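Trainee: Sequence:
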Amino acid sequence: MGRRPAWMRTLFRGRAVVARLLRLREPGVPAGVPLRPEDISFTPGDKVAFFTVSAAAEDRFIVLESADTHLIGYLAVLAGPSAGGRTRFEGVTIVRYRRWTGPLYFNLIRPFHHLVVRSMTNAGSRPAPGTVERITPK
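1362 is the number of the first residue of the sequence shown in the numbering used here; add one for each residue after it.
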């Protein structure tokens, strides 16, 4: 969840136009503050970037949510053992609609949702400073 590339900032500007038309909140581009693993809280209610921790068990899983008036987006990351004593991470996103504008909004942004999530996954798989290993998302 570090620096935001120009294409992502452009998508969020487009989102602002759609948000105004649907009378949604208009947060700007989420701050691109780099996070280190030790900066991530597993305490429900704490903030991780623009998400709120819903549930978590360190070294097992974390469920994050981002709520708006029209929908709630959830991001879950699960950790499990992998070959060679490494840890395998799997992620899932879920959207729960709160109002009629939820499905309308999400279907407009759906093609770009995958690009943004993929970019965030790639950023999250980069090695922490001082390490050399990189995990390649599938």
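One should not assume that every hint holds.
[Unchecked claim] Under the rule of at most 20 Å between Cα atoms (straight-line distance), these lysine to any residue pairs were calculated in the SDA-like manner:
1. K1408 <-> P1442
2. K1408 <-> L1436
3. K1408 <-> R1374
4. K1408 <-> V1438
5. K1408 <-> R1365
6. K1408 <-> G1375
7. K1408 <-> V1456
8. K1408 <-> N1468
[Claimed, not checked] Distance ranges between label pairs, derived from CB positions:
9. R1386 <-> G1446: 28 to 34 Å
10. L1465 <-> T1371: 30 to 36 Å
11. L1476 <-> F1450: 18 to 24 Å
These are calculated hints, taken from the structure and not from any lab test. Here the structure is a predicted model, which is why all the values come from computation and not from measurement. Built from N, CA and C at the ideal position, the CB exists for glycine as well.
Trainee: Next step is simple, just say for each hint if it's right about the structure.
Mentor: Going down the list of hints, with the structure as the test:
| no. | hint | verdict |
| --- | --- | --- |
| 1 | K1408 <-> P1442 | violated (27 Å) |
| 2 | K1408 <-> L1436 | holds (13 Å) |
| 3 | K1408 <-> R1374 | violated (23 Å) |
| 4 | K1408 <-> V1438 | holds (16 Å) |
| 5 | K1408 <-> R1365 | holds (19 Å) |
| 6 | K1408 <-> G1375 | violated (25 Å) |
| 7 | K1408 <-> V1456 | holds (19 Å) |
| 8 | K1408 <-> N1468 | violated (27 Å) |
| 9 | R1386 <-> G1446: 28 to 34 Å | violated (44 Å) |
| 10 | L1465 <-> T1371: 30 to 36 Å | violated (21 Å) |
| 11 | L1476 <-> F1450: 18 to 24 Å | holds (20 Å) |
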